[in-house]
Amino acid sequence: MQQTPVSNRPLPGPEVQRDIYRRMVRIERNDEAIRRAIKLGRLQMPYYSARGQEVIPSAVSVNLNQDDTICTIYRGIHDMVAKGMPLRPLWAEIAGRIDGTCKGKGGPMHLTHPESGVMVTTGIVGSSMPIANGLAWAAKLDGSQRVAIAYFGDGASNIGAFHESLNLASVWKLPVIFVCQNNRFAEHTRYEVGTSVDRIAKRAIGYGMPGVTVDGNDPVDMYAAAFEAVERARAGEGPTLIEALTFRFFGHVFGDDDKYMTKEEKAAAMERDPLPLFRARLIADGIATEGALADMETAIAAEVDDAMQFGLASPLPPIDELRRDVFATEIA
Amino acid sequence: MQQTPVSNRPLPGPEVQRDIYRRMVRIERNDEAIRRAIKLGRLQMPYYSARGQEVIPSAVSVNLNQDDTICTIYRGIHDMVAKGMPLRPLWAEIAGRIDGTCKGKGGPMHLTHPESGVMVTTGIVGSSMPIANGLAWAAKLDGSQRVAIAYFGDGASNIGAFHESLNLASVWKLPVIFVCQNNRFAEHTRYEVGTSVDRIAKRAIGYGMPGVTVDGNDPVDMYAAAFEAVERARAGEGPTLIEALTFRFFGHVFGDDDKYMTKEEKAAAMERDPLPLFRARLIADGIATEGALADMETAIAAEVDDAMQFGLASPLPPIDELRRDVFATEIA
Amino acid sequence: MTATTKLNGIAAVNAAIARAMAQDPKVIVLGEDVADREGGGVVGTTRGLSTRFGDERVKSTPISEQAIIGAAIGAAIGGYKPVAEIMLMNFTTVAMDMIFNHAAKLRFMSGGQTSVPLTIHTLTGAGVSTAGQHADHLEAWFAHAAGIKVVAPSTPSDYFGLMLSCIDDPDPCLMIMSAMTLRTFEEVPNDLAPIPLGKARIVEEGGDVTIVAYSAMVLTARKATEALKAEGVSVELIDLRTVAPWDRETVLASVRKTGRAVIVHEALRNHGVGAEIAATIQEELFGALKAPIRRLGAPYSPVPFSKPLEAAYLVQPDDIVAAVRSVLG
Amino acid sequence: MTATTKLNGIAAVNAAIARAMAQDPKVIVLGEDVADREGGGVVGTTRGLSTRFGDERVKSTPISEQAIIGAAIGAAIGGYKPVAEIMLMNFTTVAMDMIFNHAAKLRFMSGGQTSVPLTIHTLTGAGVSTAGQHADHLEAWFAHAAGIKVVAPSTPSDYFGLMLSCIDDPDPCLMIMSAMTLRTFEEVPNDLAPIPLGKARIVEEGGDVTIVAYSAMVLTARKATEALKAEGVSVELIDLRTVAPWDRETVLASVRKTGRAVIVHEALRNHGVGAEIAATIQEELFGALKAPIRRLGAPYSPVPFSKPLEAAYLVQPDDIVAAVRSVLG
Ligand SMILES: Cc1ncc(C[n+]2csc(CCOP(=O)(O)OP(=O)(O)O)c2C)c(N)n1
Ligand SMILES: Cc1ncc(C[n+]2csc(CCOP(=O)(O)OP(=O)(O)O)c2C)c(N)n1
Ligand SMILES: [Mg+2]
Ligand SMILES: [Mg+2]
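Which chain is which? The protein sequence lines are A, B, C and D, in order. Each residue of the first sequence is one higher than the one before, counting from 6 in the numbering used here. Each residue of the second sequence is one higher than the one before, counting from 6 in the numbering used here. Each residue of the third sequence is one higher than the one before, counting from 14 in the numbering used here. Each residue of the fourth sequence is one higher than the one before, counting from 14 in the numbering used here.
These aren't lab readings, by the way, just hints derived from the structure by calculation. Please note that the accuracy of each hint is not assured.
Claimed, not checked - Simulated crosslink set (DSS-like; lysine-lysine; CA at most 30 Å straight-line): (1) Lys-212(D) with Lys-303(D); (2) Lys-303(C) with Lys-303(D); (3) Lys-271(A) with Lys-207(B); (4) Lys-320(D) with Lys-270(D); (5) Lys-207(B) with Lys-207(A); (6) Lys-264(B) with Lys-19(D); (7) Lys-207(A) with Lys-178(B).
Said to hold, decoys possible - Examples of chain C residues toward chain B, derived with CB under 10 Å: (8) Gln-36; (9) Lys-39; (10) Leu-43; (11) Ser-77; (12) Asp-182; (13) Met-193; (14) Leu-195; (15) Pro-209; (16) Val-334.
Glycine included, each C-beta is placed from N, C-alpha and C at the ideal position.
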């Protein structure tokens with residue numbers, strides 16, 4: 006594991022910090038609205054909330070350009086929102102409507118929006134990684150400076166695709182960054198029950214690749230790790246594995262009973278809610294005023310509300326959509 | 006990587022050293038006879054000679070009991086012979102005859118002989134490892150001291166099954182030993198073209214497992230590594246990864262042109278032919294006399310010859326064998 | 014009078030595994046989240062087993078389907094009878110080498126020296142908004158692989174009795190648990206005998222037309238059968254229960270009698286198991302058929318998310334009624 | 014007169030990839046040993062390409078089939094047209110998630126926003142003593158998966174022309190290269206046009222019976238056709254060339270004419286693509302058939318090693334002759 010000494014770490018400037026916070030709020034308000042809509046029966050979908058993990062993609066995405074790409078997973082709406090996916094088509098998609106990113110055909114587990122760089126969302130554990138390699142290969146072939154991000158969970162670090170992907174990325178020196186969002190659990194399985202190493206970042210050693218463990222709930226730490234990895238990738242120096250420690254507030258799938266952990270454990274983890282913590286820090290550090298943040302939050306709440314209205318009002322797709330997009334040519 | 010200091014290493018006694026050499030000679034004479042038979046058109050089969058890799062399974066197998074199990078690969082006849090598989094049914098099998106271990110149905114890539122602990126031979130890269138875990142689990146459930154060995158190549162360390170297997174073996178503390186026979190090439194691909202780490206043993210770090218690199222052509226080194234791994238497994242302390250450095254003399258498949266390496270490289274590697282080297286050492290160290298070794302070699306040559314005669318004289322299987330062993334009950 | 018317990022499909026599978034574990038110490042369980050510490054399976058199929066039979070016989074695994082099936086195969090050739098859970102059928106794709114190249118073939122390739130008495134159970138099925146990667150029915154793949162049996166029950170009793178037979182079978186078996194079939198409850202006799210593999214069940218006797226279905230489509234076909242009955246059509250409804258090997262005798266006897274067949278499954282119509290059944294019937298009963306054999310299945314498309322598309326993707330009772338009418342001419 | 018080159022199947026595929034790479038800089042190649050440093054593919058399918066087009070466009074990979082197909086998918090949605098080699102068809106089992114859950118579905122699941130113009134080519138086929146894990150024909154699996162096309166040529170020209178079409182196609186295509194078809198040479202026009210996907214070829218016209226075959230079984234069927242001709246039987250032999258989607262029009266038109274069909278493939282008979290074809294014919298041409306449709310394929314068994322068993326496993330010309338005789342009554 007390589008670890009840059011803390012003193013030398015790149016620090017996010019005030020604007021970047023505000024930008025990280027803005028992305029976090031968009032994620033959080035959007036997540037809350039989705040949970041509410043499910044409870045009210047306005048959305049019918051399995052929902053893998055990422056509440057609590059807002060910092061990770063936000064601090065990654067401020068280092069990215071629109072044409073940088075991401076591959077993410079069922080628990081990935083935070084990654085997409087952080088990357089800049091517009092909320093209206095997102096809502097239409099999770100409501101299964103024709104104005105959805107995927108015309109309602111993909112749904113929440115397969116949201117895709119190439120315009121904002123969201124190339125693949127997979128429901129198969131581990132499968133974001135092999136595809137991100139290919140996007141990175143394409144970036145390299147194009148002679149571009151683009152990077153590709155693969156998001157995945159701690160449990161996914163135990164599946165074969167992880168291994169094959171990190172090895173290939175390393176021998177091909179691909180501009181790809183593997184961001185493991187370690188939220189301590191894989192469905193109901195505690196980290197150490199399924200994972201044989203104390204830090205997933207150590208696995209990078211086996212691929213001759215830099216690997217770092219960071220506090221994924223700390224925007225400054227997370228920013229630094231992402232900044233370095235992105236720089237390295239753009240400079241043609243190859244991939245990085247980032248293990249970002251975090252916690253998911255709503256269990257595996259929204260509606261879980263969380264029986265598999267203790268109440269104390271959960272409460273302790275939730276005390277480190279990154280949103281209020283970062284908000285307070287921004288104000289304390291003089292980076293933003295209470296008033297400016299409140300305005301931002303109000304505007305975002307309105308944006309989310311508008312998106313929800315839009316999504317739920319969008320028409321359902323016609324049945325012949327079943328014959329479209331199977332191939333480029335419509336099925337007869 | 007854990008590495009026992011050389012001075013503390015378990016040393017094979019004289020008898021054990023002679024036993025290792027005996028196994029090596031059986032492997033080598035048998036290999037030579039197979040290659041001859043193929044050249045003469047007496048056998049029709051793809052042949053993955055392990056000439057040059059004799060030390061590895063020989064030095065492992067002297068640490069094993071008959072009921073310890075192995076899972077090996079297409080390049081695995083040396084592993085089987087070292088484990089004690091009788092040569093007559095081996096020859097009948099590679100000749101596709103009814104007296105073969107598998108009635109001629111499996112052939113050289115799927116030789117199986119539970120009586121001598123040869124449980125699976127696979128033609129799929131990486132697939133010996135997940136199954137060896139299960140044999141180790143069974144040993145544990147039985148309350149036995151049995152260990153399971155998974156043999157595989159350097160190239161196989163890049164496939165997903167390697168990763169999943171080592172991780173599972175570690176979290177379950179299984180009595181299994183992963184023996185990677187690193188012969189520098191995977192088919193025509195040089196180690197470093199496909200493998201992102203300078204030493205495969207380093208990957209053990211990612212599984213919280215001991216990993217050692219040894220000279221797989223040195224019987225004493227190889228013995229020590231195997232001894233320690235077997236002890237650890239029998240003591241319930243879990244798995245070990247052993248990377249044994251070696252070289253295959255006859256390329257990937259017998260008949261290869263070896264164009265993908267230089268003549269000098271090949272010649273240099275072949276100078277380290279483990280058989281004459283170990284033979285000379287045994288005599289020099291006073292562990293065996295020239296006469297005793299010559300007698301052993303003659304006896305083995307006769308055994309191989311007998312096995313070949315037996316195998317080639319065995320009848321071909323009747324056609325209705327196609328309906329047998331698909332299920333326990335014959336197909337109607 | 015034998016005692017019964019009210020069970021749904023999940024509870025029935027759970028009870029069957031528990032009975033097998035109690036009777037035979039060689040029966041062991043593995044899969045993601047299967048132990049009670051992890052909740053006893055995401056849908057509860059293995060709930061209570063680790064508490065009752067111990068943590069060594071019921072083991073939660075990492076997310077590593079190749080390692081799961083590999084460990085199960087190794088334990089099987091080492092003398093055990095593993096029951097492995099692959100959460101969803103789409104995840105069998107990451108373990109296909111282990112299932113197809115190894116579990117199904119080891120007995121043959123070893124000339125009968127090793128055997129793999131392994132049971133895999135896995136959930137699937139559209140209709141619950143899980144979209145493109147969580148709902149495929151891949152039984153035709155496994156039916157097209159020599160050396161593995163496939164069951165796809167539709168009732169709690171059948172889940173129970175077929176699970177017992179799968180565990181007991183000396184060869185690998187795959188049990189498909191369809192989401193739509195797991196909601197209904199049934200009184201299942203506590204001492205229910207194992208239901209033999211390869212034997213279909215005649216759900217409804219009739220003389221005009223044979224409907225062959227399995228898994229969730231038996232429920233759909235029952236609705237169609239009711240509607241047809243009201244129209245005066247006498248349907249013989251067969252629940253295959255075992256997809257591979259399927260019960261040729263029962264199906265052929267029925268179609269010999271009715272002269273007409275409609276085959277229904279949730280899987281893609283194209284190259285589904287319905288094709289094998291139709292091809293067999295036409296070959297065996299040529300000349301005895303009064304109408305072409307019709308096949309119903311999913312359209313050539315991945316499973317869609319949006320509700321109306323998902324409904325259109327699934328065969329509905331009306332589709333079956335229409336197909337039956339068409340063969341009745 | 015156009016110039017021709019004498020090619021076998023491997024050289025034809027090689028020439029087609031080379032032509033596509035020369036015409037379109039987006040065509041890229043990856044797989045185990047595919048670059049010239051590694052010998053240009055174990056059987057030489059990609060020989061010379063890295064030397065001619067550079068090491069960035071032709072990349073040898075580790076033994077990591079998931080990573081190979083994953084990288085190909087990513088490059089494809091990133092604007093490239095990857096040609097990926099999976100050495101042998103049995104190794105697709107370790108990449109089935111990537112192929113089935115991703116390559117085949119991404120266009121649909123993204124509502125048409127991303128597409129995967131990927132070509133996979135893979136070798137298989139019994140008859141060369143490679144036994145249980147190196148010779149399976151799994152085309153029925155892929156045909157039963159929405160979103161991927163499957164070609165299985167039998168002649169050098171078809172390998173050439175179909176490979177061009179696969180690379181050019183906007184969707185994923187799988188080309189099956191059968192060991193037995195790769196030995197024969199043919200003069201192939203250098204400027205041969207792409208052969209459209211989904212179009213069968215009538216190898217031999219005739220009026221008594223239709224034989225439908227593809228891949229190596231076309232060679233076997235040709236021998237049978239010769240023998241039958243000598244007996245005075247007029248055979249219409251159809252080489253499907255594309256297995257999915259298959260050419261219904263050509264097959265149905267032929268059987269409408271002959272009234273009799275025999276379908277042959279090397280894959281297992283049970284649940285093979287022959288089942289879909291037979292089921293379709295009986296449904297479409299009910300009443301127009303003079304005899305039941307016969308299907309020939311491998312017995313329900315893994316591929317055996319021993320020579321006589323391997324020969325019995327494979328459909329032989331005599332088996333086809335016997336089947337044709339049986340439908341001629
Ligand atoms: C190959 C595969 N196996 C199993 C599953 C079922 N599954 C969905 S999410 C999940 C847990 C993943 O845990 P982790 O990688 O830590 O991500 P998290 O959900 O915690 O974000 C599992 C087992 C799956 N989707 N794919
Ligand atoms: C999954 C899979 N991919 C590809 C192959 C083809 N193949 C057979 S042997 C081999 C090379 C293996 O190299 P290594 O693991 O180093 O073992 P060695 O042959 O050198 O002993 C390859 C690629 C295979 N058998 N299985
Ligand atoms: Mg997690
Ligand atoms: Mg090697």
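Evaluated hints:
Using a Cα cut-off of 30 Å, the hinted pair Lys-212(D) and Lys-303(D) holds, with the two alpha carbons roughly 26 Å apart. Distance restraint check for Lys-303(C) and Lys-303(D): the Cα-Cα separation of roughly 15 Å lies within the 30 Å cut-off, and the hinted pair is therefore satisfied. Of the supplied pair hints, the one linking Lys-271(A) and Lys-207(B) is violated, its CA atoms being roughly 35 Å apart against a limit of 30 Å. With a CA separation close to 39 Å, the supplied pair Lys-320(D) and Lys-270(D) exceeds the 30 Å bound.
At roughly 10 Å between alpha-carbon atoms, Lys-207(B) and Lys-207(A) fall within 30 Å of each other, so this suggested pair holds. Of the supplied pair hints, the one linking Lys-264(B) and Lys-19(D) holds, its CA atoms being roughly 25 Å apart against a limit of 30 Å. Distance check on the hinted pair: Lys-207(A) and Lys-178(B) sit about 20 Å apart at the alpha-carbon level, within 30 Å; holds. With 10 Å as the threshold, the beta carbon of Gln-36(C) stays out of range of chain B, its nearest partner Cβ sitting at about 17 Å, so the hint is violated.
Restraint check, Lys-39(C) versus chain B: the minimum CB separation of about 9 Å is within 10 Å; hint holds. Look at Leu-43(C): its Cβ gets to within about 9 Å of chain B, closer than 10 Å, so that hint holds up. Interface hint at Ser-77(C): satisfied, since its Cβ lies 4 Å from the closest Cβ of chain B, which is below the 10 Å cut-off. Residue-level restraint check for Asp-182(C) holds (minimum Cβ-Cβ distance to chain B is 8 Å; threshold 10 Å).
Taking 10 Å as the C-beta cut-off, the interface hint given for Met-193(C) is violated, the closest approach to chain B being about 30 Å. For Leu-195(C), the suggested interface contact is broken, since its CB lies about 29 Å from the closest CB of chain B, more than 10 Å. For the restraint placing Pro-209(C) at the interface with chain B, the shortest Cβ-Cβ distance is roughly 12 Å, beyond the 10 Å limit, so the hint is violated. Violation of the interface hint for Val-334(C) is found here, the shortest Cβ-Cβ separation to chain B being roughly 37 Å, above the 10 Å cut-off.
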